[in-house]
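Enquirer: From first to last, the protein sequence lines are chains A and B. Residues in the first sequence are numbered from 1 upward in steps of one, following the numbering used here. Residues in the second sequence are numbered from 1 upward in steps of one, following the numbering used here.
Keep in mind the hints are simulated off the structure, nothing from the lab. Since we're looking at a predicted model, the values are computed, not measured. Where is the CB? At the ideal position from N, CA and C, for every residue including glycine. Please note that the accuracy of each hint is not assured.
[Stated by the list, open to error] As a list, the in silico DSS-like pairs of lysine-lysine whose alpha-carbon atoms are at most 25 Å apart:
#1 A:Lys314 <-> A:Lys438
#2 A:Lys21 <-> B:Lys91
#3 B:Lys91 <-> A:Lys5
#4 A:Lys648 <-> B:Lys154
#5 B:Lys12 <-> A:Lys21
#6 A:Lys438 <-> A:Lys644
#7 B:Lys91 <-> B:Lys154
#8 A:Lys189 <-> A:Lys5
#9 A:Lys649 <-> A:Lys400
#10 A:Lys649 <-> B:Lys154
[What the hints assert, rightly or not] These stretches of chain B come out as covered by chain A in the derived footprint (C-beta under 8 Å, 3 or more residues):
#11 6-15
#12 69-82
#13 90-97
#14 103-109
#15 126-132
#16 136-145
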Amino acid sequence: MGVQKSVSRLDAVQKVTGTAKYVEDLILLDALHVKVVHSTIANGTVKGIDCSEALKMPGVVTVLTCFDVPEHLYATAGHPLSLDPNHADIKDKTILSARVRYYGDDIAAVVADTPLRAQLAAETIKVEYEELAPMLTPEVALGGDALHEACPDNELARMDFEISPEGNVSFERKRFSSDAVIAGRDDLKGEQYHVPPVNACHIENNCCFAYMEGRRMVVYSCNQVPHTLRRNVAEAIGMPLGDVRVIKPFMGGGFGNKQDTMYEPLVAFLSRKLGGRCVALVLTREETFVNTRTRHGMDLTTVTVADERGKITKKALRINSNGGAYAAHGHAVAAYAITNCFQTYIASELQLGESSTAYTNLPPAAAMRGYGIPQLAFAMESQMDDVALAHGWDPIEFRKWNMHRDGFCDPFDKFIVRSYGLESCIDKGRELSHWDDKRREYDEFNRSSKDIKKGIGMALFSYKTGVYPIQIENAACRIVMNEDGTAQIQVGATELGQGSDTVLCQIVSEFTTIPENRLTLVSAQDTDIAPYDNGAYASRQTYISGNAAKKTAMILRSKLLEKASLMTGVPADELTLKNEHATVESTGRELCSIADICSYFNFVNDLKTDTEHITAEATFTAKDICFSYGVSYIDLEVDVPLGKVKLKKVYSVHDSGTILNPQLAAGQLHGGIVMGLGYALGEQMLFDQKTGKPLNNNLLDYKLPTAMDVPEIETHFVETYEPSGPFGSKGLAEPPLIPQAPAIRNAILHATGVPIYKLPMNPQNLVHEFIRANLIKS
Amino acid sequence: MMKIINMVVNGKPAELAVEEGESLTDTLRNRLGLTSVKKGCEVGECGACTVLIDGVAKNSCIYLSVWADGHSILTVEGLRTEDCELHPIQKAFVEEAAIQCGFCTPGLVLTGVELVNSGKKFNREELREQISGHLCRCTGYENILNALERVVGKNS
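Chain A extracted, bound-state conformation (with noise of 0.2 Å):
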């Protein structure tokens, strides 16, 4: 087989069959459970707690509370580490805390023999706090009492630039400000958008268990970087790095939300206060909503000026960001939203960012699939309608008169763009929805229909595969041959429903002609034998680890031919791998099989040859980065006086450069769009306004999509050819997502001519819109 070829998931039949086992599945049979006292105030300290009734309750261990653990701060972003201390991830977390900042902020946690009796007990404890008014968003947040002490003033980063005609950016710290009015200049007046939190609702909610063999800890945890969580681990409960053993098996989706350390650091904290014992805690669903991580709810004010010709020439954004109650991953998120604002669109005489992230008392923002970008695009590619409309231009065309192309240079991290698909994909995705004949023929029918109106909407994107140069983006690899010839990979790379282990087989069955049901991949990271790596995220696993696999692939192969020389006396240089056998290339002779090879070389006994137990292994360091592309059209109905929106059929167009596995990149697509359709019309997070408290945190009134939900979706890949990538391949789990909610909502201004600055598009929201632009009277 090898890479563009449709090879099944190599973990398909064990999903299917119920054997593939996840975190919750292999907690010891005599662990014992924890459950975590969440606060019932958002913000505030915790003067006391009463344990007494716990710690009577049948099966109760323990009690740990905010007055016995370290008081040493540590770091919870998955990041690689950075060696420049002033990109360090923020240690801000310690593993309970008195002073309370967010509604479910974890101040106590029981051990008891059953989860049950844990919980029961958990419900006995009594707090006392001395309360402070919650603080919700960045406006009130900045201002108010601090939330930590290393930062007094609650904004926990800025990043202002100016980005000059020429592509030189200038940055420069200006002041917070929730103004329409951009850098007070009265040529640069906002439209202002709102974007909620969210939550990933992966179906397996976070878990974790610790035990301790000997002086060594270790943790199974469904984590997408295992390397980074064993760091932060020993980091937070002190141990050396080689003392911590991360497994992870099979997860049950991630999408960034298990990127960060989450209650690792606890459970090994109580295992080794417990001598060792196997120290387990499985989140409930409302506890995945609250106390992971969310997507940035965020206020972005952006302004776009446009000359006669339909050329941008002034383009201005503010990014206020709400960060939550710890920094996690900091002002990244917020910051990789403001600079693609800036890459994707040029103006040529002005490009203004400003953006902020704040502590609030809300839970904690962190990655979610797309990173910053989907709410980015929410207000940029819904402004790009605006200007059009205003104009009387084509939006389309708006866009293609401003966008990027081939051969740009990036303002920020200074790479210059080898592989450009997006003009392709525009056209593409225009003709497979008859993008001309449906506008047409949508503004006859909405002359004349009032209550049901039809719209077609697009959206674009650019994004950034991986991180570089931002942070080091590296991934190893190991091969280790068996003398039949089989094979077993060994990667840090984390499978976590992308099909990651697939397509990392595919690339080394490509090189060594070794089909992939000879290969195997191990699929569960085990930091004392999977290689390095950063693990999942940036949609960077096939991109970076691909070329981990590839580089290695290639070592294995010079080797095994090394070794047929060496057996058949013909040059290796003549030699070449054929049907897993080396083959003399100009002939096509087959000299002996890659079996052959490997069993020779580990039993052969001849008095004089040193064998060798043949593996290879190898390190890949990123040098480059490229954008994917992709563009999403979308057909529907709007019910005015419901509010109500019907998705007919969503098109989608991407450039990820070549397609390793077009079965499985397919379903990359789907996902992503219907993730993106969820943010679009129904997801959001609520909180009380006035305590802070959650108020959805459950699956039945947090609305993901369900079958029902979903209209007809059509996929198209334009290919490319990166140079960067393995075999000219892109990033694609995270880019579906993003264009999803403003070709919604371009649509929806095409049906009604109401435009929407606010997500999501549910019918209460929508229909408090057509009330104001009068398409319903109150």
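Since the structure of chain A is already known, use the hints to place chain B on it.
Expert: Just chain B now, kept in the frame of chain A:
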């Protein structure tokens, strides 16, 4: 208070002592090791814990084990045919790439088996409704519908 119940689980009689308030999910997972029965919400919203009780798909997380006394339970562990082949629904899931993280998969497969056993055929819209009790965050349901159509679709 423990109670003794008798069930047939995956074709095998099982006599078990269970707590009165224990869910069938916990009994199957913790007492019988049938960990294909997944826990995603424990309030009957996500469908990951779906099992067949006397052939009918149910959320086992909101089904008390004491109610299962005298009934027959099927989980995907019990689904292999006599010659150990995959069930046609399982085969279709593999071939249509209807699986990503795999966490919702066992439940969806069992709903698919229920549809097969009904002897009826379904169009795509009907299939959407039939699986609407299962939340999947990875696949957008597209390939799951394709897999089901292959086996129980109107044109299958």
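Enquirer: For the region 6-15 of chain B, do three or more residues have a beta carbon lying closer than 8 Å to a beta carbon of chain A?
Expert: Violated - the region 6-15 of chain B has 0 residues with a Cβ nearer than 8 Å to chain A, which falls short of three.
Enquirer: Next pair to validate is Lys91 (chain B) with Lys154 (chain B); report whether the Cα-Cα distance is within 25 Å.
Expert: holds, 18 Å
Enquirer: Does the alpha-carbon distance linking Lys12 (chain B) and Lys21 (chain A) stay inside the 25 Å limit?
Expert: Holds: Lys12 (chain B) and Lys21 (chain A) sit about 23 Å apart, inside 25 Å.
Enquirer: Are there at least three residues in the region 69-82 of chain B whose beta carbon sits under 8 Å from a beta carbon of chain A?
Expert: holds (count 5)
Enquirer: For a C-alpha distance cap of 25 Å, please report whether Lys649 (chain A) and Lys400 (chain A) respect it.
Expert: holds, 24 Å
Enquirer: Compare the distance between the alpha carbons of Lys648 (chain A) and Lys154 (chain B) with 25 Å, and conclude whether the hinted pair is satisfied.
Expert: Since the Cα atoms of Lys648 (chain A) and Lys154 (chain B) sit roughly 22 Å apart, the hinted pair holds (cutoff 25 Å).
Enquirer: So if I understand the rule, the pair passes when the alpha-carbon distance is 25 Å or less; does Lys438 (chain A) with Lys644 (chain A) pass?
Expert: holds, 20 Å
Enquirer: Taking 25 Å as the top limit, are the C-alpha atoms of Lys189 (chain A) and Lys5 (chain A) close enough?
Expert: It is violated: about 51 Å lies between the C-alpha atoms, which goes past 25 Å.
Enquirer: Please verify the coverage claim for the region 103-109 of chain B: does it have three or more residues whose C-beta sits within 8 Å of some C-beta in chain A?
Expert: holds (count 5)
Enquirer: Verify the coverage statement for the region 90-97 of chain B against chain A, using a C-beta to C-beta distance below 8 Å and requiring 3 or more qualifying residues.
Expert: holds (count 5)
Enquirer: Is Lys649 (chain A) close enough to Lys154 (chain B), meaning Cα to Cα at most 25 Å?
Expert: It holds: about 22 Å lies between the C-alpha atoms, which stays within 25 Å.
Enquirer: Run the distance test for Lys314 (chain A) versus Lys438 (chain A): straight-line Cα separation, threshold 25 Å.
Expert: At roughly 32 Å apart (the allowed maximum being 25 Å), Lys438 (chain A) and Lys314 (chain A) break the hint.
In terms of the numbered hints stated before, the structure departs from hints 1, 8, 11, listed from lowest to highest.
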